Each structure stands twice: as structure tokens, then as C-alpha cells.
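2 protein chains.
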Amino acid sequence: MRKHLLPIALTCLLPVVSMAQQQDSLVLRQMADEVLRNSTAYENLRTLTKTVGGRLAGSPQMAKAEQWGVKALKAAGADTVYLQECMVPHWVRGEKEEARIVSKLRDFVPPLNILALGNSVGTGKAGLTAPVLEVASFEDLEAKKDQVKGKIVFYNYHFKPEFVKTFLSYRDAVIYRGQGASRAAKYGAVAIILRSMTHGAYNFPHTGGMSYDSAYPKIPAVAIGLQDADRLSSRLKKDNSAQVYLRTNCQMLKDTIGHNVIGEIRGSKYPDQFITVGGHLDSWDVNEGAHDDGAGCVQSIEALRTFKAMGLKPARTIRVVLFANEENGTRGGRKYAQLAKQRNEQHVFALESDAGGFAPRGFTSTMPADKKAKLLSWKPLLEPYGFYDLDGEGGGADIGHLHQALGTPMAELYPDTQRYFDVHHAANDVFEAVNKRELELGAMGMAGLIYLVDLYF
Amino acid sequence: MRKHLLPIALTCLLPVVSMAQQQDSLVLRQMADEVLRNSTAYENLRTLTKTVGGRLAGSPQMAKAEQWGVKALKAAGADTVYLQECMVPHWVRGEKEEARIVSKLRDFVPPLNILALGNSVGTGKAGLTAPVLEVASFEDLEAKKDQVKGKIVFYNYHFKPEFVKTFLSYRDAVIYRGQGASRAAKYGAVAIILRSMTHGAYNFPHTGGMSYDSAYPKIPAVAIGLQDADRLSSRLKKDNSAQVYLRTNCQMLKDTIGHNVIGEIRGSKYPDQFITVGGHLDSWDVNEGAHDDGAGCVQSIEALRTFKAMGLKPARTIRVVLFANEENGTRGGRKYAQLAKQRNEQHVFALESDAGGFAPRGFTSTMPADKKAKLLSWKPLLEPYGFYDLDGEGGGADIGHLHQALGTPMAELYPDTQRYFDVHHAANDVFEAVNKRELELGAMGMAGLIYLVDLYF
Chain F
1 MRKHLLPIAL TCLLPVVSMA QQQDSLVLRQ MADEVLRNST AYENLRTLTK TVGGRLAGSP
61 QMAKAEQWGV KALKAAGADT VYLQECMVPH WVRGEKEEAR IVSKLRDFVP PLNILALGNS
121 VGTGKAGLTA PVLEVASFED LEAKKDQVKG KIVFYNYHFK PEFVKTFLSY RDAVIYRGQG
181 ASRAAKYGAV AIILRSMTHG AYNFPHTGGM SYDSAYPKIP AVAIGLQDAD RLSSRLKKDN
241 SAQVYLRTNC QMLKDTIGHN VIGEIRGSKY PDQFITVGGH LDSWDVNEGA HDDGAGCVQS
301 IEALRTFKAM GLKPARTIRV VLFANEENGT RGGRKYAQLA KQRNEQHVFA LESDAGGFAP
361 RGFTSTMPAD KKAKLLSWKP LLEPYGFYDL DGEGGGADIG HLHQALGTPM AELYPDTQRY
421 FDVHHAANDV FEAVNKRELE LGAMGMAGLI YLVDLYF
Chain L
1 MRKHLLPIAL TCLLPVVSMA QQQDSLVLRQ MADEVLRNST AYENLRTLTK TVGGRLAGSP
61 QMAKAEQWGV KALKAAGADT VYLQECMVPH WVRGEKEEAR IVSKLRDFVP PLNILALGNS
121 VGTGKAGLTA PVLEVASFED LEAKKDQVKG KIVFYNYHFK PEFVKTFLSY RDAVIYRGQG
181 ASRAAKYGAV AIILRSMTHG AYNFPHTGGM SYDSAYPKIP AVAIGLQDAD RLSSRLKKDN
241 SAQVYLRTNC QMLKDTIGHN VIGEIRGSKY PDQFITVGGH LDSWDVNEGA HDDGAGCVQS
301 IEALRTFKAM GLKPARTIRV VLFANEENGT RGGRKYAQLA KQRNEQHVFA LESDAGGFAP
361 RGFTSTMPAD KKAKLLSWKP LLEPYGFYDL DGEGGGADIG HLHQALGTPM AELYPDTQRY
421 FDVHHAANDV FEAVNKRELE LGAMGMAGLI YLVDLYF
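As they're listed, the protein sequences go chains F and L.
Per the UniProt record's numbering, the first sequence starts with residue 1, numbered consecutively.
Per the UniProt record's numbering, the second sequence starts with residue 1, numbered consecutively.
To be clear, the hints were calculated from the coordinates, so they are not data collected in a lab.
Don't take every hint at face value.
[Stated by the list, open to error] Estimated spans, in silico, between C-beta atoms of each pair:
no.	chain 1	residue 1	chain 2	residue 2	range
1	F	Asp140	L	Gln30	39 to 47 Å
2	F	Asp230	L	Ala201	52 to 60 Å
3	L	Ser233	F	Gly77	29 to 37 Å
4	L	Ala201	F	Asp255	40 to 48 Å
5	L	Ser234	F	Gly77	28 to 36 Å
6	L	Leu26	F	Asp230	37 to 45 Å
7	F	Pro271	L	Ala201	34 to 42 Å
8	L	Gln22	F	Asp140	27 to 35 Å
9	F	Asp107	L	Ala75	30 to 38 Å
10	F	Lys313	L	Pro368	37 to 45 Å
11	F	Ser268	L	Phe457	29 to 37 Å
[Unchecked claim] Derived list of chain L stretches under chain F, where covered just means 3 residues or more per stretch with a C-beta under 8 Å from a C-beta of chain F:
no.	segment
12	26-36
13	365-379
14	382-391
None of the values given here were measured: they were computed from a predicted structure.
Here a beta-carbon is modelled for each residue, glycine too, at the ideal position from N, C-alpha and C.
Please build the complete structure, drawing on both the sequences and the hints.
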């Protein structure tokens, strides 16, 4: 496209708002200038993803990530930076995972692309070989329960394409990852294979946390890429002798020490009142944790940097928290909430970014009606930056614990969700999957929301 | 992110709308199902980009693209498919383009990554070597006009990052591409080099159409990648002997024959009233024309396919037009409008998609107030699919001619714009840059808008 267009002045950038909102509108525009003209958020993400990489709680990479966080928060101008200790689960993937179809046909079959689910037990070094029972759903499992014993249950539940808000597809399907192993173990299954939850057309398996019901034996659980899921399904239909050999060496070790990384701007009027803003520093081990949740970390740091760079002095203390362990335990968020309660801290607001560094569409939130009304009144200020949807209920997995402990009003950045499940928990969640401007607009809106909350909550 | 979530039913997918809108709401939801469950738009785009590739008006590839269009429209179920002949400009890039810094320092300097601007004359086979005058803007050019003679003018005008709607950055900067050559030639320049209009951080040069003012000599014009622009600028500051060698072999040949590719669903009540929906089939020669504008073509075809697949019988004739020549002439759009006027056709509405296949945010439009009021009343129906912004003024470059000739109400798909200028007119506008779901949601909204217009306009 070319278009015949005329030059325009930058002055037309300011949105049409009420007289009372004009000053705030100007501040938000300056925040946008500060963030969009500056590459700090993007370069921070590059360093985190490319020099640290994947960083599961308890891993050596996570210790490196904590040091990265301290450095980035100091560079952003935080008045204070410190670590908050907490115990975290220590799950390790172990050495080479593998899976393949074995069959009496003895034809060549390429290996299956799998990833053990987080928190899963392994098969042990010898691996296991068993016939496979494919089920389309839990209903299907129940119908076939007499056939389960001694088999690998293959949950071939399809991620739904119809939901426009793709987290609804996730909500619909994630129960198979969370509970699938124990529900199959109940009927004597020896392992499970889970069709990945993704819209992507390629073959990356998507891992993620699972848990066991203590009433049943713990059996190995792995995710499989879509193309391999289709291939396995097709093979099972035409080859009665087909079995699957599976080897995973993952194990859950004893809890270990982790840290929330915290940086603060001290409040100019009410230093003992807190506004929390954060993302989680941990990520799965198999990718760079770029969208999940390096993006949320660097956006939170960028919000703080924007305040400092503009010389804004918030009334309340703004506390950036890079949470220690969201993926397989939310222990960072739990510890933060527990200490806040123990210390009788006064928490005004908490904001999280953990839905990917995509172009913002709004904020979801959970707060009393009077606060929600204020939030909605800021729509004319936020919409010019893409934040048009402020209605939705929501909040983050980490700050949810603070909300639960103290009733703190909470919100979460709501980015466009179309591309999230292409990369979520898969090897392709890397720096290159994040667009600089989309990341920046999210950070800008977070800074703006904190600014408004600090003034009016 | 993991979230503790519960399974939900698909029934909650329907938006809250008035009683009167419930039936329409249901139809739009069915359209979304049809498009999101089906890969036709995406697979059509794959075929166009991967088997035809770049397709400048007048090129052999464009003839191949026309055949692709005929086939795709027939497969989508069009009642009639035909070609509409028009004359198109025939600009060819010619053989190898090259540029490098030459200097008395005789050190090794990597070549400069350039692309001739569309419609530009070439340097001829020998190329040209000249000193370079860097200017920051037209104001700067005027201030330095006495230094221009015999030199290559290097417009190092920076694409602004502050605009949230990135087409405003384009509008701000595109005048340098359009008029830069003649305004430099006026003072005796021998060629121009243009800093590319992009937010991308890499070194792809971005081409695009330019034109000459007949009052001045036609001089060669090329775009240069951002990293090379910075490198050239830095070299000029520290090396007085630095010149640039430039060779381009492009030329404008005689006009040749092209075609708009047209497919129709015949109106069930008013077959002589037309609703036009289209994108442009031509693209620049150096990429696959995926976002610009393969996306618009396959979305338009998908809108037609959706009507047919759902058995919807529109009252008016829906006419999908794949325009012959947008990039360097809009001759396809001109011809279409000219014939419509000549034949006294009654055009109810025209819709274009030519701003990339990104996640939709709304539609821009130009139409009388009563029609605009109707459009705005459909917001509750369209917003669940991401179309929240229906206020903006706009319309497409191709359908703009129809609007001008007949006053036809027009609208353009308004997708998210953050990533567009990473790929616009550059070698990386390829199939892989398009996200399947983002493309599909745009197509679904286009089908929905046509459905509503057909009922209520």
C-alpha cells in the first residue's frame, strides 16, 4: 500500500479528553515518548533471553537471572534493590528425553518430538514400552476405562480454534495437562502423552506444569507436537502392533532456595503504602522465556525507569517484583503475599504482566466497584495507546496471592492473544518472537496505569 | 503463565447484544467458526506467496498471479469469475543493483544494501560515483542547496517512533520517497539515497513508489537499510574523501496490459447493486507480497467463501476484486471506477484490506453520517472479534477511485499497525510474517461487515 498522504504535526497526537484529564493525558503522552524513543525494555529482554536463557526455579540459570534482575533494576534507577528469599520447587528435566513408535512392521518411523511435563516423574533410564490408548477427552477415557490398564494413555484433545480470546481455549484444555496423568493412573495407565495446547502448525511440543493426585500412582507425563500427535493417531488406527517407547529422566528434587528480585522507588508522601508491579523471572527450561515472562519483567522494570527518567515522584512506594517461581508453584507470589501480611504492609494496588509481550488491548482487573469505576473513567487516557478494553475480570497468578491475602485491588496487562499459544511453553518462545513496539506499548500503559492509580486510588 | 482455570462451555462465546441484534450476532459467530476452523485463507496465501512470489504490475509473475486468483475465486464458490483488462505501468528493476562507499582511505568497506525506488530511472550499466550530501530533512536541503550540485543527496530522515498508529509515521515521512528525487534534482543532485521507512532494527532496504516532477531532470533514487544509513552517515562525518558508487539498472518501459481479477456472488434480490470487496494482487518484486497485499486478497476471497459455505444469499451482488496495480499507479482501481461510472453501475459499498494481515482493531471509513451511524451501531456485534474502533476516517487506495467517481461509501480494514513497517516493501514481507489467526480474524470481520451492510445499507 502506498496512499497519498500529507505531512502532519506531532501535536495532533494528544487524545481528546476532559479538561480535568488534560494534565494526565500530557503525562501519558510523555511516558509514551520516553518508552517508544528508548530501547531499554527491548535491550533488557535481549540480555535476559540471550545471556541467561531458560531459567526454571532452582536452576543455576535462575541464579544468573536474579543477578541480571538486580543489575537491570539498579540501571533503571531504583532507590533500593534487594532479594527476598523463598523456597521453590526443584524439578529437573534430566538428560535426553526420547520417544518413538515401535511396531512389528519394522518400518522406519521418525522419533516423536516430546517434552516431559513440569513436575512429572520420569520413566527411568531404561524407559518404558507399552501399547497406546488414544482418547479424545475425559469422557472418552471413562468410556474406555476397562482398556486402560498397562497402557500409555494418549490425550488427543484438540486446542479449540473458535475462541477469539485464546486464553479461553487454554482454560478449556489445560485440565488435561493438570489432571490427565492421575485420571489415567486411576485405571492403571503407565504413562500419558498429551497433545500440545497450541494454534501453531508446526511440531514443537508445549510443556507446562502438572500435578499428581496422591490417591494414585505417579506416572510419567509428556507433551507431544501437533504433527507427531496426528502421526501417532493415524499410526494407531492402521497398525495394531504399534506401541510407544518413552524415556524421560526428569525428577522432583528437594525444595531449594530462590528469590523474588525487588526494586523500589520510595514514595514521596506515603512511603509505607505500596503499589506492586511485576512479572515472573522464572521460565521453562526449554526456551528463552521471552514472552513468558521475560516480557513482563522488562515491562515492569521499564515502568519504574520511566518514572525515574521523567523525574516523576510517586506518592506511594512503587515496588517492582520479579517473582521467583510462577511456572511450577507460584511460590514467589505466595511468599511475597505471606510477608506482606505478616508485616501488616498497606498495599494499594498490584499489577502483573504475564500474558505475553504483544500489542496491548487493555487491562483485566479485580477490585471494588468504586475503584473499577475510576479505572473505567481512564479509558479516554489509555485508549490512544491501544488499551480500549478495561472491563474484563482478571488478575495475575503471582499477585493473586496478595489479592487473596490482603484484598489488594489487582490488574493484569491484557495483550492481544492471537500469537501467544504459538510459542507458550515451547522451544520457540525466544527473543525474536517479541516485537519491540508491542512490548514497549505494554510497558507504557503499565507506567500510565501506575501513575493514575498513585494519583487517584 | 499457567493460571488455575476451569473448563467452560462454548455457549458463552456469544456477545451481549440487543434483541434485534441477536440473529446478526449468531450469524457473525457462525462466520467466525467457519473462518477459524478452516485454513483456506492461510493456505491460499501460502500458494500465492510461495508459488507466485513477488508480482509487480506488468511482470510475468503478475500473469501467474491472475491465474492463481481465478482459480482461488472459483474454488471459493464464486458464481462468476472474470478478468477486467486495464493498462498498467511497466517498471522493471533490471539486473544487479549495487552501492558501496569509495574512499581514499582504501580500507575494506562492506557494500551498502540498497533497492531502487519504484518508477525510478537507473544509473545505467556504468553506474555513477559522486560525493554525498547528507540532509536531515527538506528544510536542511534548502539550507544546503548551494552544496547540492553534482552530489548524491542522502535523505537521512528518521521514521518517527512516537506515533502509536504507525501509518502516521509513514504519512510524516513518505514525502521524502515521493518527492525527494525531484527536490534534490532541482539543485543539481545526480541521485538520491533514502533512509528506509521502518521500525525494524535490521538492514533491509524498503522500496516503494516515487514520482518525478517534469520540471527537473530524472535522477536515480534508492532506499538504504537503517544500519547502512547509520554507517554511511558516520563515515561521511569522519572521512572527507568518502563518495558513493551507485549502480541501478531499473527503467520504466511502455505501459502494458494487466487485469483486475473479479469474482462475484450474484445478488438474490438486487443483482444490479454492488458491494465491492478487495485487495491488490500486485506487490513489489523483492518480496512475497504477503502482508502487502496478499493478505487483503485472500481475506476478500475468504469473505466470499464464507457466504457460500454458510449458504448465505446476499441481496446485493458481492464482487471480490483483486486489483491489478496499486503499488506504482493504482491503475486497477482507476479502471474499475471508470467502468463502473461508464456503465452506470449502482455501488452500495466498497471495502478494502490493504494495511497488512495483522490482528484487526476496527474499520476506518468514509460515508454519509446516516451510514456511519449504522456502522457505529454494529460495534457490539464486531467488538467480540477485536473490531472496537469504527470511528476513524479512511478508505483504500484502490476503492478510493470508486468513492471519488460515484460517492460510494467505503471502508478499510484497520489492523494493528505495530509490525507493519518492519516488513512493508522489504524483502521480509513473506508468508512466514503472517499469523494465521490474525489473518483469519480480519477476513471474518470483513465477511461480517459485508453481511451487515447488505442487510441494512
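If you check each hint against the structure, which ones fail? 1, 2, 6, 10, 11 and 13
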